[in-house]
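Each protein sequence line maps, in turn, to chains W, G and D.
When the count follows the numbering used here, it moves up by one through the first sequence with no breaks and lands on 350 for the last residue.
When the count follows the numbering used here, it moves up by one through the second sequence with no breaks and lands on 294 for the last residue.
When the count follows the numbering used here, it moves up by one through the third sequence with no breaks and lands on 62 for the last residue.
It should be emphasised that the hints constitute simulated quantities derived from the structure, not laboratory data.
Derived list of chain G stretches under chain W, where covered just means 3 residues or more per stretch with a C-beta under 8 Å from a C-beta of chain W:
1. 224-230
2. 241-252
3. 271-284
4. 287-293
All values reported here derive from a predicted model rather than from experimental measurement.
Where is the CB? At the ideal position from N, CA and C, for every residue including glycine.
What follows is the residue order along each chain.
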Amino acid sequence: MAKRSSHAATALLLAIVGVLMLGANFMVFVYAPDEKVMGAVQRIFYFHVPAAIVAFTSTFVMLGASIGYLWTRSRIWDCLARAATELALLFCLLVLITGPIWAKPAWGVWWTWEARLTTTLLLGLLLAACVMVRSYADSAEQGARLASVLGIVAALDVPIIYKAVDWWRGQHPVVFGPGKKDPLAPEMRATFLFCLLVFLLLYTLLLVLRTRIACHEERARDAAETVAARGEAG
Amino acid sequence: MSRPARPVSPGFLRSSWIVASKDLRLEGRTLDAISAMAVFSLIVLTVFNFAFDLTTVRSVGVSKLVPGVLWTTFAFAAIIAFARSFQTEKFRDSLSALVLSPVDRGALFAGKALANFVLVLVLQAALLPLSAIFFDYDLLAVAAPLLFVVVLHTLGIAELGTFFAAVAVRVGRGEALLATLLFPVSSPLVISAVKCTSAVLEGKPLASVQQWLLVAAGFDVLYFLVALVTFEYVVED
Amino acid sequence: MKSYAFLFWGYNVVWIGIAVYVAILVWRVRRLDGRLDRLEQRLSREPEPR
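Bound conformation, chain W alone:
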């Protein structure tokens, strides 16, 4: 019975976030004005950038959870790290798909090796490797340990990769920059902030859900082992 009510609560929260996202869609397509230079296509920015922010936030969460796991060896940190890794990978993929969709009409090319795109691509590869390690490992504990170490190494590398590629190239449209007059009209800024808020809410909800599922799956696996052992002994 407890299961049913928690499922109902979860479904309700997801529905609320879904409605908020619809509201964000409305703001993006109706409320925000057309951008001067790029036209309608620029509106992809309202989803593309928040997705990127979520991806990097989740990487940060993964870093913290990995350190927490190695420090305390308590499972909850590993479950959180696993959830954060998956979500970071998901949002990375969304960024990497929406980026070229925006780039083609805006810059004329699908892809360019400039700092942000390259960093996101490499981050996605590293996150995929972390997920791979967990599934390849012999035991859950070994997978958790190795994935935590890799998570730390990968997360530390992200700012370095960004800076290195940035010094090497540079072409991304800089919308917010130091010392630049803010080119966003107030409606655009409001839309962007609202979309960012909705994305962060969605992320938090998904993170909590995924972490809980991971914890329950671990416990179910342990319980199954105990039952099997009892069956053999008894």
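Starting from the known structure of chain W, arrange chains G and D on it as the hints suggest.
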């Protein structure tokens, strides 16, 4: 007369040296890794020569093409050495023996990384003159700065390669994992290596790329420390 | 205008991606529920170890 009750474990530097010299002595006897790396690199260089013939190289410019070719070849050949450095331990489970011995985990890592570093340097010492012949550039004129650039960047690649090889060997089907991890993580180092090599081949002084040299040096130090701290988590059972 | 096609796909990719992930989570929860039910049944059948 008092004697120590049990043997005192050797210090960090001595342990690293013991591990490194063991690996290098083993390699010296069989020349397994070196020969595999040499043959592989030769093949890769030849393929690159089909891909970019001398006319193309001359028109694009040696300093633009050769650094990328060189570092790609080094990176892929080095993977052979890194993978082997732990695979040989896995065969007789000597990795467990090493881990059980009173050697600091960090020293174990440092020793293996040092051995791999030396192996890749030996390969590069053979490959660079060969590339000078294949691509027709004057190696002797730029030997000193080139040596510095190569040593600085190979150090970082050896550190990361050793570390990820240890991770990959712990995991069941880990061969693909080593390359998947090494190349993204070391990408700043590779970018820097190509940039610096390019500048050296153009005849520019090292000071012109000092920003990249600092990046590489910082990277080397950072990941050495990170690996030292986390290596025990990788090899523990 | 052809750029509207880009806009359309840009947004749908995000919606579809998130929807697919949520669907995967729902599937995992259902599978977990089934597993827990089966475990509970087995536990209620087995006698407690002494």
